[in-house]
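A.B. asks: As a plain string of letters, each chain reads:
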Amino acid sequence: QQQVKQSPQSLIVQKGGISIINCAYENTAFDYFPWYQQFPGKGPALLIAIRPDVSEKKEGRFTISFNKSAKQFSLHIMDSQPGDSATYFCAASMETSGSRLTFGEGTQLTVNP
Amino acid sequence: SQTIHQWPATLVQPVGSPLSLECTVEGTSNPNLYWYRQAAGRGLQLLFYSVGIGQISSEVPQNLSASRPQDRQFILSSKKLLLSDSGFYLCALERGGTDTQYFGPGTRLTVL
Chain A
1491 QQQVKQSPQS LIVQKGGISI INCAYENTAF DYFPWYQQFP GKGPALLIAI RPDVSEKKEG
1551 RFTISFNKSA KQFSLHIMDS QPGDSATYFC AASMETSGSR LTFGEGTQLT VNP
Chain B
18 SQTIHQWPAT LVQPVGSPLS LECTVEGTSN PNLYWYRQAA GRGLQLLFYS VGIGQISSEV
78 PQNLSASRPQ DRQFILSSKK LLLSDSGFYL CALERGGTDT QYFGPGTRLT VL
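Line by line, the protein sequences are chains A and B. My numbering puts the last residue of the first sequence at 1603; the count rises by one with no breaks. My numbering puts the last residue of the second sequence at 129; the count rises by one with no breaks.
Simulated from the structure, these hints should not be mistaken for laboratory data. One thing to keep in mind: the hints can contain errors.
Claimed, not checked - Okay, derived cross-link-like pairs now, DSBU-like style, lysine-lysine, Cα gap no bigger than 35 Å in a straight line:
1. A:Lys1532 to B:Lys96
2. A:Lys1547 to A:Lys1561
3. A:Lys1548 to B:Lys97
4. B:Lys97 to A:Lys1495
To be verified - If you want a taste of the chain A side facing chain B, the calculated C-beta under 10 Å gives, among others:
5. Pro1498
6. Pro1524
7. Val1544
8. Lys1558
9. Phe1579
10. Arg1590
Every value quoted in this text rests on a predicted model; they were computed, and no experiment measured them. Every residue gets a Cβ at the ideal spot worked out from N, C-alpha and C, and that includes glycine.
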């Protein structure tokens, strides 16, 4: 029940296209859903996060869509750029777990010029 | 804003040798601190977390241990390294009650 399943494992997109990464969870007690971006050899950096009281959150070219009934959330990267090429992780936590994050397995995004 | 320091950045150790990785944070007080391990091409596995000095919770039974001797210092240790301990070790902090975790630059450990 603690798993977060992420797909696809890898994604190749052309410059200017839309990148979409999906995550699904089982535990309905999860109440915080962040996305992290990680470049090779670096620590993950928080990109955007959402709580289940809203269905969508947008920050610049990055949007999280959240479907509480389906227990799914996704990251959309609009106008994808080569500099967006990185590994993206979704995660989830719940207040009662003291903010311990459960991570998805990651999606390696490549944006071709 | 907070800053997380980890050292060393890279480490190559023989099997059976001891380990000590250090994480120190600046710009915040009484943070929650976390140790994660990331295998190549994989997700992050939570190893330990700490809500205060001397308070350590272990998530995965293994030959690693953690200590928090000071509010802004978190140490990951092992008495005898295994090949399977190789990986990218990340320290993270969370300012109390915010849910948001910030990660340090990581330590790449290779056990030969």
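A.B. asks: If you test the structure against every hint from before, which numbers come out violated?
C.D. replies: 3, 5, 7 and 8
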